[in-house]
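When you get a sec, could you build the whole thing from the sequences and use the hints?
Protein sequence lines, in the order shown, are assigned to chains Y and V. Quick note on numbering: my numbering labels position 277 of the first sequence as 277, and the sequence is numbered without any gaps. Quick note on numbering: my numbering labels position 57 of the second sequence as 57, and the sequence is numbered without any gaps.
Hints in this document: simulated from the structure, not taken from any laboratory. Predicted model, so just to flag it, every value in this text is computed and none were measured. Don't be surprised by glycine CBs; every beta carbon is placed ideally from N, CA and C. Be aware that one or more of the hints could be misleading.
[What the hints assert, rightly or not] Chain Y stretches covered by chain V per the calculated footprint, using a threshold of three residues with CB under 8 Å from any CB of chain V:
hint : stretch
1    : 190-204
2    : 314-320
3    : 400-411
[Said to hold, decoys possible] What follows is a list of derived Cβ distance ranges for each label pair:
hint : chain 1 : residue 1 : chain 2 : residue 2 : range
4    : V       : A39       : Y       : K175      : 31 to 39 Å
5    : Y       : K175      : V       : Q31       : 35 to 43 Å
6    : Y       : A461      : V       : Q31       : 49 to 57 Å
7    : V       : V60       : Y       : R263      : 40 to 48 Å
8    : V       : A39       : Y       : F59       : 55 to 63 Å
9    : Y       : L33       : V       : V60       : 23 to 31 Å
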Amino acid sequence: MGIETEYGVLAPGRPAANPMLLSSQVVTTYRALVARAGARPAARWDYDDEDPLADARGFHLRRASAHPSMLTDDPAVPAPAGPVQATAPGPSQVARPDVDEADDPSAANCILTNGARLYVDHAHPEYSSPEVTGPRDAVLWDVAGERVMLAATRSLTGSPIGPDVVLYKNNVDGKGASYGTHENYLVDRALPFAVLAALVTPFLVTRQVFAGSGRVGLGPTGDRPGFQLTQRADYIEAEIGLETTLRRPIVNTRDEPHADRDRWRRLHLILGDANLFEVATYLKLGTTSLVLWVLEHLDELAEAGVPARDELAALRLADPVGDVRRVSRDIDLVGKLELADGRTLTALQVQEAYTDVVARALAAIGPRRDDDAETYVVLDRWRSLLERLGTDPESCAREVEWVAKRRLLEGLRRRDGIDWDHPRLHALDLQWTDVRPERSIYHRLLASGAVERLVDEDAVADAVHHPPTDTRAYFRGEVMARYPDQVSAASWDSVIFDVPGAAALQRVPMLDPLRGTRAHIGSLLEASHDAAALLKGLRGDRSA
Amino acid sequence: MAGQERINPQNEDRTPDDDVDPPAPAAPAAQDRDADVDALLDEIDDVLESNAEQFVRGFVQKGGE
Numbered sequence: 001m002g003i004e005t006e007y008g009v010l011a012p013g014r015p016a017a018n019p020m021l022l023s024s025q026v027v028t029t030y031r032a033l034v035a036r037a038g039a040r041p042a043a044r045w046d047y048d049d050e051d052p053l054a055d056a057r058g059f060h061l062r063r064a065s066a067h068p069s070m071l072t073d074d075p076a077v078p079a080p081a082g083p084v085q086a087t088a089p090g091p092s093q094v095a096r097p098d099v100d101e102a103d104d105p106s107a108a109n110c111i112l113t114n115g116a117r118l119y120v121d122h123a124h125p126e127y128s129s130p131e132v133t134g135p136r137d138a139v140l141w142d143v144a145g146e147r148v149m150l151a152a153t154r155s156l157t158g159s160p161i162g163p164d165v166v167l168y169k170n171n172v173d174g175k176g177a178s179y180g181t182h183e184n185y186l187v188d189r190a191l192p193f194a195v196l197a198a199l200v201t202p203f204l205v206t207r208q209v210f211a212g213s214g215r216v217g218l219g220p221t222g223d224r225p226g227f228q229l230t231q232r233a234d235y236i237e238a239e240i241g242l243e244t245t246l247r248r249p250i251v252n253t254r255d256e257p258h259a260d261r262d263r264w265r266r267l268h269l270i271l272g273d274a275n276l277f278e279v280a281t282y283l284k285l286g287t288t289s290l291v292l293w294v295l296e297h298l299d300e301l302a303e304a305g306v307p308a309r310d311e312l313a314a315l316r317l318a319d320p321v322g323d324v325r326r327v328s329r330d331i332d333l334v335g336k337l338e339l340a341d342g343r344t345l346t347a348l349q350v351q352e353a354y355t356d357v358v359a360r361a362l363a364a365i366g367p368r369r370d371d372d373a374e375t376y377v378v379l380d381r382w383r384s385l386l387e388r389l390g391t392d393p394e395s396c397a398r399e400v401e402w403v404a405k406r407r408l409l410e411g412l413r414r415r416d417g418i419d420w421d422h423p424r425l426h427a428l429d430l431q432w433t434d435v436r437p438e439r440s441i442y443h444r445l446l447a448s449g450a451v452e453r454l455v456d457e458d459a460v461a462d463a464v465h466h467p468p469t470d471t472r473a474y475f476r477g478e479v480m481a482r483y484p485d486q487v488s489a490a491s492w493d494s495v496i497f498d499v500p501g502a503a504a505l506q507r508v509p510m511l512d513p514l515r516g517t518r519a520h521i522g523s524l525l526e527a528s529h530d531a532a533a534l535l536k537g538l539r540g541d542r543s544a
Numbered sequence: 001m002a003g004q005e006r007i008n009p010q011n012e013d014r015t016p017d018d019d020v021d022p023p024a025p026a027a028p029a030a031q032d033r034d035a036d037v038d039a040l041l042d043e044i045d046d047v048l049e050s051n052a053e054q055f056v057r058g059f060v061q062k063g064g065e
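See below:
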């Protein structure tokens with residue numbers, strides 16, 4: 001699993017500054033910050049396996065039919081911003097280019113030694129976390145991304161020639177623009193996509209109750225005063241679809257697995273909020289993963305006496321797209337959603353139905369509590385939060401971001417006698433997400449002990465520079481750290497080496513996200529003083 | 001984590017410290033809560049933009065994703 005986060009970008013006092021250029025400066029500044037003196041030009045992104053128009057429902061969108069903002073796989077023609085709503089083989093040889101490809105600022109890219117990718121997506125700097133195997137690691141490398149953005153901001157501000165740039169980990173500007181925080185989950189391809197989409201949708205629509213980060217303003221342009229649970233609800237317009245920049249869907253169908261497509265798909269979810277609260281990120285990734293695990297085991301569960309398929313199918317919502325907004329606006333968590341079979345349930349009750357299925361599924365065929373502690377921590381926390389949200393939401397203020405934000409906003413309204421349309425409340429919402437601790441409301445709460453943390457700052461500092469050890473991100477990050485001058489390009493599922501004296505570039509595919517780990521190649525990396533030795537070792541041992 | 005570790009379930013690098021403790025929240029009494037919030041508001045007052053209206057108006061982004 002992993003998280004991609006586009007950050008809001010602002011040049012204080014310079015409203016006309018070009019956001020693509022600012023984003024590019026964020027990326028190139030960070031790249032310069034971490035580059036060794038005398039290093040070769042930065043490794044480029046390898047777009048060979050990217051296919052943003054492949055649809056999981058089994059067809060392929062023609063390039064000419066796609067909105068220009070969907071064409072994200074051609075670095076020569078960077079994809080423009082979307083419309084704003086007014087309302088397993090071994091190394092292979094690759095020909096060496098005669099000249100280095102032009103370093104287009106709008107295609108600025110940096111492959112980090114922690115296995116992440118920092119680049120410009122449309123008009124925002126984006127941090128795509130390395131692949132991780134559990135929600136705690138997802139939190140760790142997501143927070144590491146906040147510190148990467150902070151380092152870039154500090155470096156630009158400290159530079160006499162760079163612009164002052166401030167970055168925000170949010171998803172809306174309150175004027176109609178929205179930018180994404182996307183989650184990715186590796187899912188067994190044996191699970192038919194239609195089943196996956198149908199059975200996960202009621203869960204996704206209702207998980208906002210614990211995953212939302214809160215937003216001041218209602219409607220895409222925020223023109224109606226009020227507070228809602230999530231940043232993104234007003235920008236979700238379809239139940240299922242390929243687009244991410246327009247007609248945004250609850251379940252995205254981009255079929256670009258970045259892995260062996262016979263074995264896996266990558267479920268790409270675009271409806272979630274950027275979260276600063278670690279518990280929110282932890283539970284969002286953890287609970288979604290648990291639901292997907294159930295969906296991957298429907299047949300096995302049926303045989304074991306857990307009719308998960310039928311029980312989850314019965315939760316089908318009559319109007320899922322409308323319900324995304326309904327749940328987001330239901331700040332007292334009492335509104336009833338109409339199900340396709342005519343029943344009505346609250347969002348909390350839908351979530352409780354999912355926890356019930358997951359708990360019985362784990363008891364029937366899952367790992368035991370002693371063998372997989374993290375899975376059960378997720379389940380226990382999920383149930384605990386749902387129960388407390390139902391009886392005393394304020395008791396969740398240390399864990400649920402929208403609850404904490406709303407509590408502060410209500411306090412401000414009470415103390416200062418202001419209403420929901422007051423700019424002070426909007427300002428608090430925006431400043432909540434400033435990456436600079438001294439300017440961030442979130443960091444003030446953190447310093448006051450008002451927010452629960454799941455990872456400590458030493459571990460975060462380590463994760464800024466080092467990859468997770470149990471996925472292929474380990475290989476990507478380690479080769480960037482060890483042989484930066486000999487990596488020509490990399491992507492999620494490949495690294496291309498440029499070994500001095502070799503006739504051609506050497507491409508190492510990494511189609512299995514769970515290989516290239518420290519357990520697989522740690523000792524080979526230790527023994528390889530350069531990329532040539534590493535490649536020789538890989539050829540001798542195809543298992544890496 | 002069930003669902004993401006099907007090939008490599010041992011999690012051999014983990015120690016018990018790596019895992020997150022179960023929640024143990026203590027709900028404060030209701031009257032304490034307003035006081036808590038007021039204390040937090042005092043904490044953030046000097047962070048909040050003094051010209052909120054101008055700041056909010058100037059926060060303009062392009063669409064993304």
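Structure-based check of each hint:
no.: 1; hint: 190-204; verdict: violated (count 0)
no.: 2; hint: 314-320; verdict: violated (count 0)
no.: 3; hint: 400-411; verdict: holds (count 4)
no.: 4; hint: V:A39 to Y:K175: 31 to 39 Å; verdict: holds, 33 Å
no.: 5; hint: Y:K175 to V:Q31: 35 to 43 Å; verdict: holds, 40 Å
no.: 6; hint: Y:A461 to V:Q31: 49 to 57 Å; verdict: violated, 40 Å
no.: 7; hint: V:V60 to Y:R263: 40 to 48 Å; verdict: holds, 44 Å
no.: 8; hint: V:A39 to Y:F59: 55 to 63 Å; verdict: holds, 57 Å
no.: 9; hint: Y:L33 to V:V60: 23 to 31 Å; verdict: holds, 27 Å
Comparing the model with each numbered hint stated earlier shows that hints 1, 2, 6 do not hold.
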